[in-house]
Amino acid sequence: MKQALLMLGCWLALWSTQTMAETETTPSYEDLLIELTEANLNTTQPILEQIEATEHPDVLVLFKTLLDGNLNFRKADQALISIIDINGTDQYTEFSTGTAIDPLGRRDVTKIRVNNNLRNYLTSAIGRLQLTSPNPELRKAAVLSLLDNLQPSTAAELTRLRTEEDNRSVLASIDLALAMYSAESGDSTAAKITAIDKLSESLEPSARNLLFSLERDAEDPAVQDAATEALKKIDGKVTFYGYVDQLFFGLSLGSVLLLAAIGLAITFGVMGVINMAHGEMLMLGAYTTYVVQLLMPGYINYSIWVAIPAAFIVAGLFGILIERCVIRFLHGRPLETLLATFGISLILQQLVRTVFSPLNRRVAAPDWMSGSLEINPVLSLTYNRLTILIFALIVFVALLLIMKKTALGLYVRAVSQNRDMAKAMGIKTDRVDALTFGLGSGIAGIGGVALSQLTNVGPNLGQAYIIDSFMVVVFGGVGNLLGTLVAAFTLGIANKFLEPITGTVLASILVLVFIILFIQKRPKGLFPQRGRASE
Amino acid sequence: MTLWQTFLSRRNSLGSPVLPFVTILLGLTALAAVGNLWFPPESALHVSTYTITLLGKYLSFAMLALAVDIVWGYCGILSLGHGAFFALGGYAMGMYLMRQIGSRGVYGDPVLPDFMVFLDWDVLPWYWLGMDQFWFAMLMVLLVPGLLAFVFGWLAFHSRVTGVYLSIITQALTYALMLAFFRNEMGFGGNNGLTDFKDLLGFSLQADTTRVALLISTALILAGLFTLTHWVLKTRFGKVIEAIRDGEPRVRFLGYRTDRYKVALFVYSAMIAGIAGALYVPQVGIINPGEFAPLNSIEIVVWVAVGGRGTLYGAVIGALLVNYAKTRFTALMPDGWLFMLGALFVLVTLLLPKGLAGLYGQLSTSWKRDQTDQHPPNKEATS
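In order, the protein sequence lines correspond to chains A and B. Under the working numbering, the first residue of the first sequence is numbered 1, with each subsequent residue one higher. Under the working numbering, the first residue of the second sequence is numbered 1, with each subsequent residue one higher.
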């Protein structure tokens, strides 16, 4: 009996040590979460590694919450709570069950803190976890996030995943990661050099950094040379895409200039009226956008579609008003027109300052215009600039059609070429003048809508563009819409290509000087009108 | 004929408005000077130093208006960039005044102005050399605006850029210069410009006597330039200039090199603007790139338009009136001034195309309708 008791005792002891040993080697997911709440910054990483090893389905969410700094625990029972800031109010959720709970006091919860080392670890762990995500975008992002921290285990995992992967873009990124791995820790020099050759095709910053370190630190001179070669190739590509980027910015500036100048091309170019208040028409359009957004606060994404016609009407009506009240009395006296319209521009600016405020106003961009189109790691085109570029071209084509295909366009051209003859043919020149001026001003208003998406809206918005607009119209050739288009893009691109060399201010000065010299040589612009219209 | 009648009858003879203009200008200046220096501050006849400075400022603006009237009123060249010549003259004077500060600056460097010490510059840029000599600085006041006007005018008039195009290019010119002067690397003090001046030719700029002397010099120079300009415009050269205003192609077909006449006049006008700038700077105590702003240049045009162009004295009266109104208005309601200025532009061009001087002319012709020596109405500037 005594023996039996002893045996039982031994067995019990063995059993308990056995279970204890088991808990030592593989503690359960739940236990680990408790441990996590007790750990300090130095002991957190081993716990996290164990958590990752459990392959529990919640690990990914847990790591993401932790990385974002939203993971807390309740002091009372050490239960994990995620606190997420949604529109300024904190949303409390019990982590294990995923149910929302009432907010707790600041003293009842403790945040689980992470430092940079842990963040690095979490980022790559999330990457490893996402490698098997069903979403190809996520898989690709996961592979790319691993690039800076390639371990033999990761490489093996990637090699295995490569056989299962069928998405081409994900495959390419896996290949890049494997090439980077073998370039750094490949078996032979030949393997390293082949991998480096592969890397020279890539524009990823991580690949470039690796090549830099190889060029500097690799033991084998052949590897160093290969890295130098690859870097040269990459640099060439980066320079090329840099030019493409500058070209895009130039086109973008050109489209802004086009939108600013195209209304002027009608009033100044076709009608021959010097309207110094043209810049203020842009400003009115921009302020209309601002007001429309104020009037429909919940519909930022749609307000722009209301703002475009509204700006056209507001600026157009102001234009007609100016034409009827001032400009028509000054026919054939361009210098007086210039002075009078300058006075109007001062009045409009002050009006806006009084009604709104002298401070700049910000117009929110609709969602579909934010973000950018990523073509490759070194080249991305922002959607708002892209949209405005396309928008400018649409406006231009529309205006061209109005001038060439409609009755109004015909009348406008007739009146501008020979007022008396047009009158004799029964064209109501007064009405045509007013409508044309309204059209030119309205188009400027639409330009203002586009400008409000790029810069802040303020009383001086128009002034900044008036000289440039005149330059564009004069450079392109007065009365020639196509010339205005070419001139706007030429000046925009020239400006952006000069900027990195000379700086912003000097670039605009150089462009101004260039135009002044150009007008000396060809006073009628790039595309002078020929025949009677030029008289 | 009494002396008074002789005085009045000169209106229709050569050099007509010169004598009354100079008399009134110098008389008023003398009164102001006496009022400031001889009467104690508590006397009713005392003129405050603030008023003296303000008058000096107005007179330099009047000189600037004179410069614009010369090219716009007599040759039909509407320059929207005369502020650039004014500012260049001002900067030349400012550089001289900067060098006079010597080691009294904040950093106490005997040679370098404060802003250069601040920018860690070791040596004076070459274009600052010689600016410590008064005669050299005054030469630059004439030469720099003159040279710019020559190059610009030669390019523009030689290729027959006229009318509105010219106006816009002149505006672009002053705009480009403004951008350039805003840069610290230009070596002109960037944003802040040149300021903290101490003395001019050894006289403290804060002293009442210096202020009065500056006012008197401004008045004397204005009177001198007015007389000179009047004489220049009465000569054969002046007649050709007026003919160019009224019909440039005809003058050209008659065999005159119209572009050279225009360049000469433009340079002359730019130099006057430069002198005005040089007189303006010591009186207000600062010159900064804001003077290049296109709006400033266009304001000058409105002074001339209000006073009436093509008369010289009209430009002076316009400058004095508009600036007086500006001073009063900005003190009373700061926001209202731009409304006023804008309305002035519109109303003057619509209702008073010849300005106040023209209004007087119109009224007097209607009074003297039956007189035989009726003055032919001034032709509009065509462009």
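Hints are computed from structural coordinates only; laboratory data are not their basis. Please note: incorrect hints may appear among the correct ones.
To give an idea of the interface, some chain B residues facing chain A are shown, with a C-beta separation under 10 Å as derived from the structure [as the list claims (entries may be wrong)]:
id : residue
1  : Val18
2  : Leu19
3  : Pro125
4  : Leu129
Estimated spans, in silico, between C-beta atoms of each pair [stated by the list, open to error]:
id : chain 1 : residue 1 : chain 2 : residue 2 : range
5  : B       : Pro334    : A       : Leu203    : 51 to 57 Å
6  : B       : Glu185    : A       : Thr228    : 34 to 40 Å
7  : B       : Ala207    : A       : Leu294    : 40 to 46 Å
8  : A       : Val355    : B       : Ser103    : 25 to 31 Å
9  : A       : Arg522    : B       : Thr235    : 32 to 38 Å
10 : A       : Lys428    : B       : Pro20     : 35 to 41 Å
11 : A       : Leu410    : B       : Glu185    : 19 to 25 Å
Below, simulated SDA-like cross-link-like pairs (lysine to any residue); rule was C-alpha separation at most 20 Å, straight line [unchecked claim]:
id : chain 1 : residue 1 : chain 2 : residue 2
12 : A       : Lys521    : B       : Asn288
13 : A       : Lys524    : B       : Asn288
14 : A       : Lys64     : B       : Arg160
15 : B       : Lys326    : A       : Leu351
16 : A       : Lys64     : B       : Thr23
17 : A       : Lys140    : B       : Thr162
18 : A       : Lys524    : B       : Arg160
19 : B       : Lys198    : B       : Asn288
20 : B       : Lys326    : A       : Thr354
21 : A       : Lys521    : B       : Thr162
22 : A       : Lys521    : B       : Leu155
23 : A       : Lys524    : B       : Leu148
24 : A       : Lys140    : B       : Arg160
25 : A       : Lys521    : B       : Arg257
26 : A       : Lys521    : B       : Glu242
27 : B       : Lys326    : A       : Lys524
28 : B       : Lys326    : A       : Lys521
29 : A       : Lys64     : B       : Asn288
30 : A       : Lys521    : B       : Leu139
31 : A       : Lys233    : A       : Arg353
32 : A       : Lys524    : B       : Val161
33 : A       : Lys524    : B       : Thr162
Computed from a prediction, not measured in an experiment: that's the story for all the values here. Glycine is no exception: its CB is placed at the ideal position from the N, C-alpha and C atoms.
Now the hints, each set against the structure:
{"no.": "1", "hint": "Val18", "result": "violated (28 Å)"}
{"no.": "2", "hint": "Leu19", "result": "violated (32 Å)"}
{"no.": "3", "hint": "Pro125", "result": "violated (17 Å)"}
{"no.": "4", "hint": "Leu129", "result": "violated (24 Å)"}
{"no.": "5", "hint": "Pro334(B) <-> Leu203(A): 51 to 57 Å", "result": "holds (55 Å)"}
{"no.": "6", "hint": "Glu185(B) <-> Thr228(A): 34 to 40 Å", "result": "holds (37 Å)"}
{"no.": "7", "hint": "Ala207(B) <-> Leu294(A): 40 to 46 Å", "result": "violated (56 Å)"}
{"no.": "8", "hint": "Val355(A) <-> Ser103(B): 25 to 31 Å", "result": "violated (52 Å)"}
{"no.": "9", "hint": "Arg522(A) <-> Thr235(B): 32 to 38 Å", "result": "holds (36 Å)"}
{"no.": "10", "hint": "Lys428(A) <-> Pro20(B): 35 to 41 Å", "result": "violated (52 Å)"}
{"no.": "11", "hint": "Leu410(A) <-> Glu185(B): 19 to 25 Å", "result": "violated (53 Å)"}
{"no.": "12", "hint": "Lys521(A) <-> Asn288(B)", "result": "violated (33 Å)"}
{"no.": "13", "hint": "Lys524(A) <-> Asn288(B)", "result": "violated (35 Å)"}
{"no.": "14", "hint": "Lys64(A) <-> Arg160(B)", "result": "violated (71 Å)"}
{"no.": "15", "hint": "Lys326(B) <-> Leu351(A)", "result": "holds (18 Å)"}
{"no.": "16", "hint": "Lys64(A) <-> Thr23(B)", "result": "violated (88 Å)"}
{"no.": "17", "hint": "Lys140(A) <-> Thr162(B)", "result": "violated (63 Å)"}
{"no.": "18", "hint": "Lys524(A) <-> Arg160(B)", "result": "holds (11 Å)"}
{"no.": "19", "hint": "Lys198(B) <-> Asn288(B)", "result": "holds (17 Å)"}
{"no.": "20", "hint": "Lys326(B) <-> Thr354(A)", "result": "holds (19 Å)"}
{"no.": "21", "hint": "Lys521(A) <-> Thr162(B)", "result": "holds (14 Å)"}
{"no.": "22", "hint": "Lys521(A) <-> Leu155(B)", "result": "holds (9 Å)"}
{"no.": "23", "hint": "Lys524(A) <-> Leu148(B)", "result": "violated (24 Å)"}
{"no.": "24", "hint": "Lys140(A) <-> Arg160(B)", "result": "violated (64 Å)"}
{"no.": "25", "hint": "Lys521(A) <-> Arg257(B)", "result": "holds (19 Å)"}
{"no.": "26", "hint": "Lys521(A) <-> Glu242(B)", "result": "violated (27 Å)"}
{"no.": "27", "hint": "Lys326(B) <-> Lys524(A)", "result": "violated (39 Å)"}
{"no.": "28", "hint": "Lys326(B) <-> Lys521(A)", "result": "violated (41 Å)"}
{"no.": "29", "hint": "Lys64(A) <-> Asn288(B)", "result": "violated (56 Å)"}
{"no.": "30", "hint": "Lys521(A) <-> Leu139(B)", "result": "violated (33 Å)"}
{"no.": "31", "hint": "Lys233(A) <-> Arg353(A)", "result": "violated (54 Å)"}
{"no.": "32", "hint": "Lys524(A) <-> Val161(B)", "result": "holds (10 Å)"}
{"no.": "33", "hint": "Lys524(A) <-> Thr162(B)", "result": "holds (12 Å)"}
Hints 1, 2, 3, 4, 7, 8, 10, 11, 12, 13, 14, 16, 17, 23, 24, 26, 27, 28, 29, 30, 31 from the list above are not met by this structure, while the remaining hints are.
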